[in-house]
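Number of protein chains: 2
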Amino acid sequence: MGRVADVAPENACPVAPVVDIVFSRWTTPILWALHEHGRQRFVELERRIATITPKVLTQRLRQLERDGLVVRTYYPEVPPRVEYEISELGRSLAPLFAALSEWSVNLPQVERARLSYDALEEERIRGRRR
Amino acid sequence: MGRVADVAPENACPVAPVVDIVFSRWTTPILWALHEHGRQRFVELERRIATITPKVLTQRLRQLERDGLVVRTYYPEVPPRVEYEISELGRSLAPLFAALSEWSVNLPQVERARLSYDALEEERIRGRRR
DNA sequence: CCGTATCCCATTAGATACTG
DNA sequence: CAGTATCTAATGGGATACGG
Chain A
1 MGRVADVAPE NACPVAPVVD IVFSRWTTPI LWALHEHGRQ RFVELERRIA TITPKVLTQR
61 LRQLERDGLV VRTYYPEVPP RVEYEISELG RSLAPLFAAL SEWSVNLPQV ERARLSYDAL
121 EEERIRGRRR
Chain B
1 MGRVADVAPE NACPVAPVVD IVFSRWTTPI LWALHEHGRQ RFVELERRIA TITPKVLTQR
61 LRQLERDGLV VRTYYPEVPP RVEYEISELG RSLAPLFAAL SEWSVNLPQV ERARLSYDAL
121 EEERIRGRRR
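Protein chains in written order, with the UniProt record's numbering: chain A, 1 to 130; chain B, 1 to 130.
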């Protein structure tokens, strides 16, 4: 038996399922908005995230609701009112978001790494032309 | 001045840039593999991740290298040898990965939420047909 | 207000073949 | 071994219009 090939794909990276749930597209700003500003209506989220379209916002909110991270409450008034809030399970993500936020102190270092890499790239290309 | 509209898109969610860097597609299993099994060659990574194609693996490794999270070392031998390892900056992600790993205890709860949601959906649909 | 429906386009990934 | 090149398939998101 090999040391590598017998690792099932899903066991290769145990944190992958969590990433799929929490960091799939658009979910971070949505969860962040709900986490920071509490219970709010559809339009508020729409305005806060600004670049998101209602279609996509709906899709992602449904997904988060299905995963139990967000609670949707519908008030059958005229005009209708819908409010979204983070669930208890969603709130349990707080340490994760805190870790994420703390790591952002390293963003300048990433930026420097990129500049350095791009500079070397540029040099490599010019070297080839000679 | 509004309370919502004047928030710049990039400030709406301060952790978004970190997510883009660390949790873009395929980066999690790659960083995990390097974090868990240390310095290793291209083929080893390829075999470990199994479902990734060499093209995509190359693309993501280049991105991680450019962002300073991974270090690539080329040995001009025949046949050529290339080794990848996590950088110091990459290692600073450890607490983040730990938080992720800890949160995975909640995966069963997510699964239960999904089953519950789907059951209600099914019921709603059947209710409509009557 | 809170979405849905439809169409279209762009990015990304898979398949496959090939090279220094 | 460590990639690159090319083509194609699919997924997802934007624009727009409309409905309960």
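Derived from the structure by calculation, the hints contain no laboratory data. Hints should not be assumed to be uniformly reliable.
Below, a sample of chain A positions facing chain B; criterion: calculated Cβ distance under 10 Å [said to hold, decoys possible]: (1) A16; (2) Q59; (3) L61; (4) Y74; (5) Y75; (6) P76; (7) V78; (8) P79; (9) V82; (10) L93; (11) A98; (12) A99; (13) L107; (14) V110; (15) S116.
Going by beta-carbon spacing under 10 Å, a handful of chain B positions derived as facing chain A [to be verified]: (16) V22; (17) P76; (18) V78.
Keep in mind the model is a prediction, meaning the values are calculated, not measured. C-beta: ideal position from N, C-alpha, C; glycine also.
Hints, verified against the model:
1. A16: holds, 6 Å
2. Q59: violated, 14 Å
3. L61: Violated - the Cβ of L61 of chain A stays beyond 10 Å from chain B, reaching only about 12 Å at its closest.
4. Y74: Result: violated, 12 Å to nearest chain B Cβ.
5. Y75: violated, 18 Å
6. P76: Where the cut-off is 10 Å and the nearest Cβ of chain B is about 15 Å from P76 of chain A, the hint is violated.
7. V78: Check failed: Cβ of V78 of chain A comes no nearer than 22 Å to chain B, outside 10 Å.
8. P79: With Cβ-Cβ at 19 Å, over 10 Å, it is violated.
9. V82: violated, 16 Å
10. L93: Hint holds; L93 of chain A Cβ to chain B Cβ min 7 Å, cut 10 Å.
11. A98: For A98 of chain A, the interface hint holds, since the closest Cβ of chain B sits about 8 Å away, which is under 10 Å.
12. A99: This interface hint holds because 4 Å falls under the 10 Å limit.
13. L107: holds, 6 Å
14. V110: The hint holds - V110 of chain A has a Cβ within 10 Å of chain B, the shortest such distance being about 5 Å.
15. S116: holds, 8 Å
16. V22: Check passed: Cβ of V22 of chain B comes within 8 Å of chain A, closer than 10 Å.
17. P76: violated, 15 Å
18. V78: With a closest approach of 21 Å, the V78 of chain B hint is violated.
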